[in-house]
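With these hints in hand, go ahead and build the complete structure from the sequences.
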Amino acid sequence: MLYFKRNVSYVPPPIWGRNGHLQTMFYGILGHHSLKRAFDKRHFIILKDGANATFDVFEPILKESKKNADITLVFCPGIANCSESNYIRTCVHLLQENGYRCAVLNHLGVLKNVPLTSTRIFSYGGDGELEAIFNSLFILYPSTRFIGVGFSMGANVMTNCLAKLDKAILSRIILAISVCQGYSASDTAPLFMEWESGRRIYNYIITENVKRLLRHNFAMAIQPHVNSGLINEKQLWSSTSLLWLDECYSRRIYGFSSLGDYYEEISCLQHIKGIKLPMIFINSLDDPLIPETLWQPVKGICKSHPLHAFILLKHGGHLGFLEGKSPIHPRSVTWLDRFILQLAEAVNSQMESVGEYSGNLNDFKDDRRKSF
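Heads up, the final residue of the sequence shown is numbered 372 in full-length UniProt numbering, and it's a clean run with no missing numbers.
Calculated directly from the structure, the hints in this document are not laboratory data.
All residues carry an ideal CB built from backbone N, CA and C; glycine is no exception.
Any given hint could be a false lead.
Simulated restraints, written as ranges between beta carbons of each label pair [stated by the list, open to error]:
(1) Asp-166 - Glu-265: 19 to 25 angstroms
(2) Arg-212 - Gln-270: 29 to 35 angstroms
(3) His-216 - Ser-171: 35 to 41 angstroms
(4) Asn-232 - Pro-115: 21 to 27 angstroms
(5) Tyr-254 - Ser-349: 42 to 48 angstroms
(6) Ala-219 - Lys-325: 47 to 53 angstroms
(7) Asn-209 - Glu-352: 38 to 44 angstroms
(8) Asn-52 - Glu-265: 19 to 25 angstroms
(9) Glu-265 - Thr-293: 19 to 25 angstroms
(10) Arg-212 - Gly-255: 20 to 26 angstroms
(11) Glu-208 - Asp-49: 24 to 30 angstroms
(12) Thr-117 - Glu-208: 23 to 29 angstroms
As a list, the in silico DSS-like pairs of lysine-lysine whose alpha-carbon atoms are at most 25 angstroms apart [to be verified]:
(13) Lys-299 - Lys-273
(14) Lys-276 - Lys-303
(15) Lys-164 - Lys-273
(16) Lys-273 - Lys-303
(17) Lys-48 - Lys-164
(18) Lys-303 - Lys-314
(19) Lys-211 - Lys-112
(20) Lys-211 - Lys-234
(21) Lys-164 - Lys-303
(22) Lys-299 - Lys-314
(23) Lys-48 - Lys-167
(24) Lys-112 - Lys-48
The following block contains the structure:
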């Protein structure tokens, strides 16, 4: 039986830390901006449709002072994010300092200095890029074991990918972590049109961010489809919601006759029961983007699934999880960063002691679970 360290409990900052909106917004402002945006190596993979998928590898910083089992954490960031995103850099740096290798997918069209080579950007649930990265890492590091980590939209991509990966690769994945995802695009899209918890405002902000990426990659991602008559450019740029953006652009370039068919195909909820490796699904009660109705089905699945666990935090917002006693200077390392590290440490401890990870989440005991 393995135990987490006792400091895994979550204590949000006073005054504003118990507000999901402020947690969601403040992390981008108060996160660890001082970290260098440096990777050890950037890898490029050309996919069948000509897309130039990239991922960055970050090697352990303390290679000599701390010898770990060969574990690589594979990150799939949230919508329109990459290895340079603040929350990714903070988590990766913490893991590097503790002797772990990290590999981060850069979503198609996000990196400003990497030109788009396909007539599309990333998809909410398209797992082709992530699958290619796992295949590449499988060859690059033949003795490593993997821990998959997905954030928000990236968690949906990660879950979809795990449902389809080759058995040889799956055999080397120790466990996977899903953070703050909505699980079903069909259910999420209409909820994003509601004003409750400000979701309609978040919807608009995210839509504008995706449109910004489309403008940046106009020559490849937009112009060919306008020329062919597949999309109406005026309707596309007038989109103020992801639902309308997907109707005008996403479902068309991916070849779906209806938005419903597109959303059903990219949603991971239908695959969770069939995933035969340990997964931990994390959501927060005050997440303004993901209401209870979206995570309740997964909570129910995890109750009866022998390899899956569901963790619900009272506070944390959407990918926030900032903590600390000071309302002005919260810790740059979040509860989520520490939790991911301690999962890796627990797995590493078991692999070093018995030479293998058991694959049973019951081996992880946290005697402070009620404090979540």
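Against the earlier hints, flag every one the structure doesn't satisfy and list their numbers going up.
none
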